[in-house]
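Hints are included, so try docking the two chains, each in its own frame, into the full complex.
Protein chains in written order, with my numbering: chain F, 803 to 1068; chain L, 11 to 277.
Please keep in mind that the hints were generated in silico from the structure rather than gathered at the bench.
For clarity, every value in this text was computed on a predicted model and none was experimentally measured.
Glycine residues also receive a C-beta, built at the ideal position from the N, C-alpha and C atoms.
Among the hints, erroneous ones may be present.
Unchecked claim - Selected chain L positions facing chain F (in silico; Cβ < 8 Å):
#: 1; residue: A38
#: 2; residue: Y90
#: 3; residue: E198
Stated by the list, open to error - With a straight-line cut-off of 27 Å between C-alpha atoms, the simulated DSS-like cross-links for lysine-lysine are:
#: 4; chain 1: F; residue 1: K905; chain 2: L; residue 2: K114
#: 5; chain 1: L; residue 1: K196; chain 2: L; residue 2: K122
#: 6; chain 1: L; residue 1: K196; chain 2: F; residue 2: K811
Take a look at the letters that make up each chain.
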Amino acid sequence: MNIFTYEVKSQARSFLVWNVALLLTVIIFMGGVYPIYAESAQDILEMMKGFPEGFLEAFGFNIACLFSYGGFYSFSYVYIALVASIMAVIVALSIFAREKKMKCLDFIFTKPISRPALFGIKTLASLSIVILSNIIYSIINLVVYYLNGQDSEMAGRFVLASSGLLFTQLVFLAIGVFLSTFMKKIRSVSGIATSVGFIAFILTALANLLEEEAMYFITPFKYFDPLTVMEEGHYEVKYIIAAIFVISLCMGSSYVRFIKSDVHAV
Amino acid sequence: MNILKRECKVNLKVFLFWILGLLVLIFAGMTKYTGLYGVTGGTSINDLLSQIPKVVLAVFGMAGVDITTLAGYYSVIAFYVLICGIIYSVHLGANAVSREVIDKTYEFIFTKPCSKKYVLGMKVLAGWLAIVGFTVMSMVFSYASVAALGTEENMNKLIILYGIVVFILSSLFYAFTIFFATTSKKAEKGMLYGNLSFLLAFIMGIVHDMLDNGTAIKWISPLKYFEANDLIAGKLDGVFLIVCLCLTVVLMVFSFERFQQNDLQAS
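Extracted from the complex, chain L is given alone in its bound form (with noise of 0.2 Å):
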């Protein structure tokens, strides 16, 4: 317990400053939208674009959303809360893992009258309290600015859905990390490698954006299992969500029984 006491006071100062960036982020990005009621004269906006290529909308900025309504350009800024969210809990999951190496104080904490395993599930589970903040937050930004904004849409609904694919994919992300720096040699790859598949994974969102069969794409540019379009219109893809939660796991236990194993090296 004091060690989780411990962990979250010294995560805090770097949370605060990634909840007042989502503050920003979130609040600048609403208060923009207008709507452009009317303009297309009766046809929805839509049908025009339906007929538009993959490719050139991509360029547009507006691949498969509609970001003339509210529910799509909140879409847009979300998918930055979404980018945000995961560099984010790759910083955490590094840290919980190779902070203490990286610093040289690993001979303080793991000579404390308790195992390895339960240090390390200390301070993952600081990390990840910080992840739920981040995602509680985020919604909570959300609703206050469609709230100043003063349409009479609801849209809770699409931002707790937002928020469930945010705490997901972060999480994903988390475990990824946690995986490769209880795997790497070396306490600093952790971070370079989940920093690597996290930008390869941005990359591959854009491909896939890009082009139109995304079938095999989309396996792998997990920024894309839950699209826009689904998310508008209530839907969580329940295959992806599973192949989430599974990973997450299973590369949890792996790295927990790893770091058992692993000796401690002075880097």
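Excised from the complex, chain F in its bound form (with noise of 0.2 Å):
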């Protein structure tokens, strides 16, 4: 239980910080930028019926879903998903590599508590912040929706396409914690957590661009598409499994690595 307040209090600053970040990041673009953008999808889509039909599927989407709402999350999702990425590795870093970092792994692990316990203490730690950062996230998320005027007849469903950034955020998080169990030295938390939210950026828009399939699976912003939900009403199967096989591996494989590895001296 110490270990467990210890945890949770050194990353309160930290917390605040990038909650304050993530929710600036759903309001504007929600808030700030949705509304313009509604404005002008009226004239637009006037416009578009001019224009000659191969333009439009040249594109390869549907346009009218592009417009809606849940198109235009859709769309915000993956920067409000590189924010929480980032944080969700820093959460892990901080509270996995603390130790490792200040090169004082043999004073925890002389207190009186054994190695899986602690392993589960710290897991426990980084879980209830992830979660008490996205149940504050989704409540805002859902206030901006009814700002907004949506109807509440698809509120059901937004709700559960904006839980998708929890699920996004417990595979970064099992990311975050494979990493600092396995990489030799952590100079940096935060070079770490930009470079894994900035790679996870740059393949989801190869992957936008490239059109493969294939390349979605390595693509954890899409693992749970916003889209996906408001269109059909659940995630597709094949990504949540694969997003679980991400999670086992990388925790399994840690948690190995934690019970075992060797303490060494400085």
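Structure representation (structure tokens):
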């Protein structure tokens, strides 16, 4: 319990900063830009009727769907997920790699608590931080949804769509834990987190550009695509399986490594 | 000279990883270019696009550029190369100043018979060489990938311009990170502030893309200093070029002065 409170407390400030960043992103996109976007959407739809047929097909997507609230959220989601993934990796790295970074693993390992229990407590601490942040996020997201005058029929689906962020963060939490147990040296938490976040972002952009089905499996931002939920009411099962696979692989191998690793002298 | 050699060696492994990523990014990205010739039936797509408000185009992922041409398509890939370059340079900048402090080996290097400024100078130079290498490799890969496409279009000028942009902006963020690293009290904070400023610039870039009245926002979104359309037209924005260069030099000079005065603190 001591360790749990210590870990959570030590994260309090960065939790606050990142939550504000996350909420600001969603408020800017969905609260600030969406009204402008929706306004111009009507004109565009009119105008596009006059476009040659092949033009719309060339883009390969359903225009009407993209102009819906869900469509715009799906576009914004990539950037929201970018912030959220960086946050998740920071949480994982600072909780799991603190001792390694400060070279005091021997201190924590000599406490009267087994390594599996320690691993469990740290996992629990990072989980509770991420879940709490997502509860706040989902509430704000729903408030913005209603402020934009969307109908309540789709609200259920929208809640499900915004909960996708939690699952995305869980994937990145697992990746962060994996990195913190397997990397030899950790100099900077923020550097690793930014790299991971932007690698995922660029992978997403590439996957969108290439439209290769196979590539979606290595782009975590695609696992819980809000647009699928808004249209069909559920996530795609194959990507859920992919996410579970990534999480269990990362956490499992980290667990083994955490239990068995030697502690190096400084 | 020995310090420079050593630093380059230390940087080498990470450098190779970045080059590998760059290779995958450019080649995987460019191979998919097929061109969408002839779908518009005579009207150029640019004319159609110009009628659409900017915010809609940003959502469609082609603010200001026509991705159906090779030049436009390349500029999309080049933007991702730019992102990679900046993240890498933030990493390099923070390492140049704080690596020894974080690793607790600074007592070794700073007792060598040369001034602190000289040591920092060599470290900064080594990181800067890595940025040069990154830029050159990005240009080489771009050239090769365009050549592999087999279209007759001549992209050399655009590739060189983008190379310059990647180099200038990477150097700018390199200088920013070095500045943050030398002025902040805790060694690790330099990387943090460098990354935060990049994230902020990135988000400001999206905001700039979405809103039309970009004049004021443009000044605080360095990623949009040199816009794709200008580059495709063969122009580098002179004002922003000078702003970037001046800012880089000022930040560097200030950082060196500051570093000379700083006490070395055990973290």
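Against the structure, the hints come out as follows:
1. A38: holds, 6 Å
2. Y90: OK, holds: Y90 of chain L within 8 Å of chain F, min 5 Å.
3. E198: holds, 5 Å
4. F:K905 with L:K114: holds, 11 Å
5. L:K196 with L:K122: holds, 23 Å
6. L:K196 with F:K811: holds, 20 Å
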